[in-house]
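**Student:** Under my numbering, the letters of the sequence shown match residues 2 to 220, in that order.
Please keep in mind that the hints were generated in silico from the structure rather than gathered at the bench. Wrong hints could be hidden among the right ones.
Unchecked claim - Below, simulated BS3-like cross-link-like pairs (lysine-lysine); rule was C-alpha separation at most 27 Å, straight line:
| no. | residue 1 | residue 2 |
| --- | --- | --- |
| 1 | K124 | K52 |
| 2 | K188 | K124 |
| 3 | K46 | K24 |
| 4 | K62 | K6 |
| 5 | K46 | K121 |
| 6 | K6 | K205 |
| 7 | K86 | K52 |
| 8 | K124 | K141 |
| 9 | K141 | K131 |
| 10 | K131 | K52 |
| 11 | K86 | K121 |
| 12 | K86 | K124 |
| 13 | K24 | K170 |
| 14 | K24 | K197 |
| 15 | K197 | K176 |
| 16 | K176 | K141 |
| 17 | K176 | K131 |
| 18 | K121 | K131 |
| 19 | K141 | K24 |
| 20 | K26 | K188 |
| 21 | K197 | K142 |
| 22 | K26 | K142 |
| 23 | K26 | K53 |
| 24 | K121 | K176 |
| 25 | K52 | K24 |
All values derive from a computational prediction rather than experimental measurement.
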Amino acid sequence: MAEVKLYGFWPSPFSHRIIWALKLKGVEYEYIEEDLSNKSESLLKYNPVYKKTPVLVHGDKPIAESLVILEYIEETWPENPLLPKDPYERAMARFWIQYGVDTVAALRAFYLGSGEELEKAAKELSECLKILEEQGLGDKKFFGGESMNLVDISYGALGYWLAAVEEAKGVTVLKPSTLPRLHAWAKNLDELPVVKENIPASDKMLAYVTAAMNRPAKN
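Using the sequences plus the hints, can you model the full thing?
**Tutor:** Here it is, written out as structure tokens:
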């Protein structure tokens, strides 16, 4: 039995966050793929509150919610640190991670929107990303400087996942003409081996996103 288990879902950017962090830390783990239309008893046992992935189980102790799991991984396996040593820089990293939480509504509106709502959502998302580019990323290659850190991991969905949504919608938000530094960052991130080797193929991701968008909404 593996000491560390990860219950995940292959299209989920939240699951991929955990995979990248564990890989960067060199932590061996067992991955269990969940069928969210038929959730396992183990998933419901380990995450009875939200009943969703990802869930990290370490020594039979479950941790849910991706950002909470990332903090746990950083504290439990301090080698190959994913946060700066300087207290102020650590605080700034956490600030931008929190900013990502606050922009989820804009991402969700873009994902679910159509017609005028989609146009409005795309504009709002672009404005959020502009702040992230100018105030958070700046002129750095990655939020961690020359290497990937916890902030980069938390925004990883802005690469492969957002690209699939943009293609499915026929609307591009992360443009090199309007968000050049963030666009370059997303390309650089997706080319890192730890990311590139642990994300779905683009055609598979596009097919999933397109099908999900066309699914009837639940009441």
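**Student:** Confirm or reject each hint.
**Tutor:** Consistency of the hints with the structure:
no., hint, verdict
1, K124 <-> K52, "33 Å, violated"
2, K188 <-> K124, "22 Å, holds"
3, K46 <-> K24, "26 Å, holds"
4, K62 <-> K6, "10 Å, holds"
5, K46 <-> K121, "40 Å, violated"
6, K6 <-> K205, "25 Å, holds"
7, K86 <-> K52, "34 Å, violated"
8, K124 <-> K141, "25 Å, holds"
9, K141 <-> K131, "15 Å, holds"
10, K131 <-> K52, "34 Å, violated"
11, K86 <-> K121, "40 Å, violated"
12, K86 <-> K124, "36 Å, violated"
13, K24 <-> K170, "32 Å, violated"
14, K24 <-> K197, "12 Å, holds"
15, K197 <-> K176, "21 Å, holds"
16, K176 <-> K141, "18 Å, holds"
17, K176 <-> K131, "11 Å, holds"
18, K121 <-> K131, "15 Å, holds"
19, K141 <-> K24, "23 Å, holds"
20, K26 <-> K188, "22 Å, holds"
21, K197 <-> K142, "17 Å, holds"
22, K26 <-> K142, "21 Å, holds"
23, K26 <-> K53, "24 Å, holds"
24, K121 <-> K176, "16 Å, holds"
25, K52 <-> K24, "25 Å, holds"
Figure legend: structure checked against the earlier numbered hints; hints not met, in rising order: 1, 5, 7, 10, 11, 12 and 13.
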